[in-house]
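Enquirer: Residue numbers (the numbering used here), protein chains in the order written: chain U, 1 to 222; chain S, 1 to 222; chain Z, 1 to 264.
Hints may contain errors.
Simulated restraints on C-beta separations [claimed, not checked]:
{"id": "1", "chain 1": "U", "residue 1": "Glu-127", "chain 2": "Z", "residue 2": "Ala-210", "range": "49 to 55 Å"}
{"id": "2", "chain 1": "U", "residue 1": "Arg-105", "chain 2": "S", "residue 2": "Ser-132", "range": "54 to 60 Å"}
{"id": "3", "chain 1": "S", "residue 1": "Gly-190", "chain 2": "Z", "residue 2": "Val-154", "range": "57 to 63 Å"}
{"id": "4", "chain 1": "S", "residue 1": "Gly-157", "chain 2": "Z", "residue 2": "Phe-87", "range": "27 to 33 Å"}
Per the computed footprint, the stretches of chain Z lying under chain S, defined by three or more beta-carbons under 8 Å from a beta-carbon of chain S, are [unchecked claim]:
{"id": "5", "region": "30-36"}
{"id": "6", "region": "116-123"}
{"id": "7", "region": "128-141"}
{"id": "8", "region": "145-151"}
Restricting the straight-line Cα-Cα distance to at most 20 Å, the calculated cross-link-like pairs of lysine-lysine (PhoX-like) are [what the hints assert, rightly or not]:
{"id": "9", "chain 1": "Z", "residue 1": "Lys-243", "chain 2": "Z", "residue 2": "Lys-260"}
{"id": "10", "chain 1": "Z", "residue 1": "Lys-222", "chain 2": "Z", "residue 2": "Lys-243"}
{"id": "11", "chain 1": "Z", "residue 1": "Lys-260", "chain 2": "Z", "residue 2": "Lys-240"}
{"id": "12", "chain 1": "Z", "residue 1": "Lys-153", "chain 2": "U", "residue 2": "Lys-102"}
{"id": "13", "chain 1": "S", "residue 1": "Lys-65", "chain 2": "U", "residue 2": "Lys-65"}
{"id": "14", "chain 1": "Z", "residue 1": "Lys-153", "chain 2": "U", "residue 2": "Lys-95"}
{"id": "15", "chain 1": "U", "residue 1": "Lys-76", "chain 2": "U", "residue 2": "Lys-65"}
{"id": "16", "chain 1": "S", "residue 1": "Lys-65", "chain 2": "S", "residue 2": "Lys-76"}
{"id": "17", "chain 1": "Z", "residue 1": "Lys-240", "chain 2": "Z", "residue 2": "Lys-258"}
It should be emphasised that the hints constitute simulated quantities derived from the structure, not laboratory data. Note that CB positions come from ideal geometry on N, CA and C, so glycine has one too.
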Amino acid sequence: MTEPNEATEPEAETESLFEAPPMGDQERMVEAILFATAEPITVRELHTRLPHGCDAPAALEQLQKRYEGRGVAVVKVGEAWAIRTAPDLGFLMQKETVETRKLSRAAIETLAIIAYHQPVTRAEIEEIRGVSVSRGTLDLLIELEWVKFGRRRMTPGRPVTFVATQSFLDHFGLESARDLPGLSDLRAAGLLESRPPPGSFDPNGSEGEDEAAEDQTDMFEE
Amino acid sequence: MTEPNEATEPEAETESLFEAPPMGDQERMVEAILFATAEPITVRELHTRLPHGCDAPAALEQLQKRYEGRGVAVVKVGEAWAIRTAPDLGFLMQKETVETRKLSRAAIETLAIIAYHQPVTRAEIEEIRGVSVSRGTLDLLIELEWVKFGRRRMTPGRPVTFVATQSFLDHFGLESARDLPGLSDLRAAGLLESRPPPGSFDPNGSEGEDEAAEDQTDMFEE
Amino acid sequence: MTDEQWDQPARVSVEERLAAEALIVDVDGFEGPLDLLLQLSRTQKVDLRKVSILALAEQYLAFVEQAKKLRIELAADYLVMAAWLAFLKSRLLLPPDPTDDGPSGEELAAHLAFQLERLEAMRNAAAQLMARDQLGRDFFVRGIPEVVTRSRKVTYSATLIDLMQAYARTRTKDEFRPFVMDRDSVLTLEQALERMSGLIRFAGDWTELASYLPDGWTLDPKRRRSATAATFAASLELAKAGKIEIRQGETFAPIQIKRKPDAI
Numbered sequence: 001m002t003e004p005n006e007a008t009e010p011e012a013e014t015e016s017l018f019e020a021p022p023m024g025d026q027e028r029m030v031e032a033i034l035f036a037t038a039e040p041i042t043v044r045e046l047h048t049r050l051p052h053g054c055d056a057p058a059a060l061e062q063l064q065k066r067y068e069g070r071g072v073a074v075v076k077v078g079e080a081w082a083i084r085t086a087p088d089l090g091f092l093m094q095k096e097t098v099e100t101r102k103l104s105r106a107a108i109e110t111l112a113i114i115a116y117h118q119p120v121t122r123a124e125i126e127e128i129r130g131v132s133v134s135r136g137t138l139d140l141l142i143e144l145e146w147v148k149f150g151r152r153r154m155t156p157g158r159p160v161t162f163v164a165t166q167s168f169l170d171h172f173g174l175e176s177a178r179d180l181p182g183l184s185d186l187r188a189a190g191l192l193e194s195r196p197p198p199g200s201f202d203p204n205g206s207e208g209e210d211e212a213a214e215d216q217t218d219m220f221e222e
Numbered sequence: 001m002t003e004p005n006e007a008t009e010p011e012a013e014t015e016s017l018f019e020a021p022p023m024g025d026q027e028r029m030v031e032a033i034l035f036a037t038a039e040p041i042t043v044r045e046l047h048t049r050l051p052h053g054c055d056a057p058a059a060l061e062q063l064q065k066r067y068e069g070r071g072v073a074v075v076k077v078g079e080a081w082a083i084r085t086a087p088d089l090g091f092l093m094q095k096e097t098v099e100t101r102k103l104s105r106a107a108i109e110t111l112a113i114i115a116y117h118q119p120v121t122r123a124e125i126e127e128i129r130g131v132s133v134s135r136g137t138l139d140l141l142i143e144l145e146w147v148k149f150g151r152r153r154m155t156p157g158r159p160v161t162f163v164a165t166q167s168f169l170d171h172f173g174l175e176s177a178r179d180l181p182g183l184s185d186l187r188a189a190g191l192l193e194s195r196p197p198p199g200s201f202d203p204n205g206s207e208g209e210d211e212a213a214e215d216q217t218d219m220f221e222e
Numbered sequence: 001m002t003d004e005q006w007d008q009p010a011r012v013s014v015e016e017r018l019a020a021e022a023l024i025v026d027v028d029g030f031e032g033p034l035d036l037l038l039q040l041s042r043t044q045k046v047d048l049r050k051v052s053i054l055a056l057a058e059q060y061l062a063f064v065e066q067a068k069k070l071r072i073e074l075a076a077d078y079l080v081m082a083a084w085l086a087f088l089k090s091r092l093l094l095p096p097d098p099t100d101d102g103p104s105g106e107e108l109a110a111h112l113a114f115q116l117e118r119l120e121a122m123r124n125a126a127a128q129l130m131a132r133d134q135l136g137r138d139f140f141v142r143g144i145p146e147v148v149t150r151s152r153k154v155t156y157s158a159t160l161i162d163l164m165q166a167y168a169r170t171r172t173k174d175e176f177r178p179f180v181m182d183r184d185s186v187l188t189l190e191q192a193l194e195r196m197s198g199l200i201r202f203a204g205d206w207t208e209l210a211s212y213l214p215d216g217w218t219l220d221p222k223r224r225r226s227a228t229a230a231t232f233a234a235s236l237e238l239a240k241a242g243k244i245e246i247r248q249g250e251t252f253a254p255i256q257i258k259r260k261p262d263a264i
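Given only the sequences and the hints, what does the whole structure look like? Please build it.
Expert: Structure below.
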């Protein structure tokens with residue numbers, strides 16, 4: 001291999017016994033090296049690779065000009081040089097895939113309870129479902145913007161309540177939460193086979209209607 | 001940032017419902033995508049990554065012209081495209097050179113037979129070489145990703161066939177299997193025909209021969 | 001090759017031996033009989049299309065003969081080829097037998113010539129292929145590939161029906177229980193047996209089986225049926241164990257049981 005230091009000074013070329021390749025070729029060579037090298041490459045390293053007498057800085061400068069406005073650019077990274085994607089095209093290096101999943105059973109049940117019973121505390125949801133509600137389930141519903149925090153309940157501990165959102169209504173094609181099919185509709189649709197346990201609360205039934213209505217108005221005031 | 005003179009072909013855009021970026025931009029985008037990867041990229045994949053309405057083949061054609069005579073080249077590899085350094089500059093890349101395992105004569109011949117006769121069964125390879133093909137030879141070629149299984153032959157026993165891969169084309173700088181050196185001469189000389197020994201029971205039968213002929217055309221229709 | 005071959009006595013002339021060695025030394029290098037034939041055909045110094053198959057067959061047979069003299073073990077396929085070439089040679093030399101409908105010597109020879117030509121063509125093709133510029137040797141891929149980040153966006157879907165079903169599910173949960181046999185009206189054999197084993201001690205004389213039915217199992221027909229069946233089965237168990245005797249006056253008459261005197 002040739003002595004790298006020699007070639008760093010352009011004057012050396014003229015005196016060199018070896019004819020340096022034409023600048024156009026030097027540029028090609030630098031281009032190929034920058035393309036193929038696994039790391040940014042310094043001028044010194046370029047000189048060790050290029051034929052004797054080459055002027056790497058000049059070739060780099062030309063190459064950089066040539067790539068101006070192109071999809072990739074010749075850039076200086078610290079002391080070294082590399083070819084990089086033009087900054088405005090970074091978006092091409094991302095590939096977004098959209099995957100549609102069905103809501104888990106726990107999530108849809110929790111969502112249904114919130115929709116029918118809003119505002120409802122977590123303890124109440126758990127009481128209705130008969131199992132504890134995981135943090136993740138509520139987080140997911142909040143993230144999906146189908147559920148949000150409502151007012152705190154004025155009971156000991158001041159528990160936070162959950163309510164359904166406008167995007168929930170939009171997603172399910174409902175004008176208002178009042179349009180949610182009532183238990184009697186569910187029963188008519190064959191989804192509920194027997195009467196609810198005595199004393200259980202039917203949000204759309206006569207009992208508790210006042211409360212529900214009041215709460216639901218809250219929802220639309222926001 | 002864009003080069004205005006590049007947007008010379010507006011016909012395609014005007015008909016699209018979505019405004020496609022000007023051709024100059026499309027070319028930049030294709031350039032950025034091809035530069036960013038070591039693997040050849042298919043036109044189909046380019047379309048999934050480019051904005052809607054882009055004409056990747058047209059952009060590729062322009063890009064290929066732009067890089068003519070440069071240090072890197074835009075090359076077609078089967079159905080895909082890639083940027084590779086110009087072969088005459090290989091001497092600059094000692095550092096990048098990959099030490100490839102030296103292939104045995106049997107492996108090289110088997111590879112050539114598969115490339116020129118594809119799709120080809122193991123029995124046919126053995127018939128051509130006059131010796132049995134060791135499991136290891138085919139395994140090695142498959143491991144190198146130069147050879148893969150093709151369709152089964154519709155003859156008794158439904159033997160599996162072998163075909164050359166895109167990596168094979170990429171490795172040997174071939175645009176397609178049609179560009180194999182000397183292919184047309186070999187075909188003209190009848191040396192790629194499967195010719196059963198006279199008087200022997202022909203396992204392929206006339207049907208098989210038709211199919212073989214058809215397969216060879218397949219290869220060139222790609 | 002092993003020393004043994006170099007120590008061969010002077011049974012063959014030096015010239016012959018050198019010629020033989022030239023082949024023998026390479027015998028491992030041949031990839032089967034076809035390869036050997038191709039190699040031999042080159043000594044004819046003609047275009048492969050004009051190669052004399054007859055001469056080639058003779059060369060091959062001479063080679064095999066020599067190998068035998070030198071006591072070199074040839075693989076079976078070399079010998080098979082030798083036999084086939086001897087057959088081919090006779091076919092080529094003898095006038096064709098008009099009654100034989102098999103392929104003629106010429107046809108067989110032509111096919112062998114084709115095989116040799118094809119093998120040579122593939123060899124040349126392989127050489128041309130390997131002489132091409134190769135990836136990672138003459139031309140190179142991008143050294144710093146940029147990672148395409150794949151972001152996955154997950155959207156969730158749910159319909160109003162899903163919601164209604166989910167709500168219905170939570171509201172019916174209380175009434176739902178896993179399917180089990182309703183055992184309220186079932187008297188098990190075990191229960192009957194336990195009861196009878198207790199009572200039988202106090203029964204000195206023949207008693208109707210019906211009187212052993214537990215209280216509260218005689219009015220409801222369902223319960224009575226179950227209790228009767230269990231009690232009857234229990235009585236059979238006890239009889240089998242030798243603790244009681246059973247009798248029935250006639251078909252459908254009441255069944256009566258009595259403790260066996262010696263049973264506790």
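Enquirer: Each hint needs a verdict: does it hold in this structure or not?
Expert: Hint by hint, here is what the structure shows:
1. U:Glu-127 <-> Z:Ala-210: 49 to 55 Å: holds (50 Å)
2. U:Arg-105 <-> S:Ser-132: 54 to 60 Å: Since U:Arg-105 and S:Ser-132 have Cβ atoms about 59 Å apart, the given range 54 to 60 Å holds.
3. S:Gly-190 <-> Z:Val-154: 57 to 63 Å: holds (58 Å)
4. S:Gly-157 <-> Z:Phe-87: 27 to 33 Å: This hint holds: roughly 28 Å between Cβ atoms.
5. 30-36: With 5 residues in contact (Cβ-Cβ under 8 Å with chain S), the coverage given for the region 30-36 of chain Z holds.
6. 116-123: With 6 residues in contact (Cβ-Cβ under 8 Å with chain S), the coverage given for the region 116-123 of chain Z holds.
7. 128-141: holds (count 13)
8. 145-151: Check passed, 3 qualifying residues.
9. Z:Lys-243 <-> Z:Lys-260: holds (6 Å)
10. Z:Lys-222 <-> Z:Lys-243: violated (29 Å)
11. Z:Lys-260 <-> Z:Lys-240: holds (12 Å)
12. Z:Lys-153 <-> U:Lys-102: Answer holds: Z:Lys-153 to U:Lys-102 is near 14 Å, not above 20 Å.
13. S:Lys-65 <-> U:Lys-65: Since the Cα atoms of S:Lys-65 and U:Lys-65 sit roughly 19 Å apart, the hinted pair holds (cutoff 20 Å).
14. Z:Lys-153 <-> U:Lys-95: holds (10 Å)
15. U:Lys-76 <-> U:Lys-65: holds (13 Å)
16. S:Lys-65 <-> S:Lys-76: holds (13 Å)
17. Z:Lys-240 <-> Z:Lys-258: Since the Cα atoms of Z:Lys-240 and Z:Lys-258 sit roughly 13 Å apart, the hinted pair holds (cutoff 20 Å).
Violation of the numbered hints given earlier is confined to hint 10; every other hint is satisfied by the structure.
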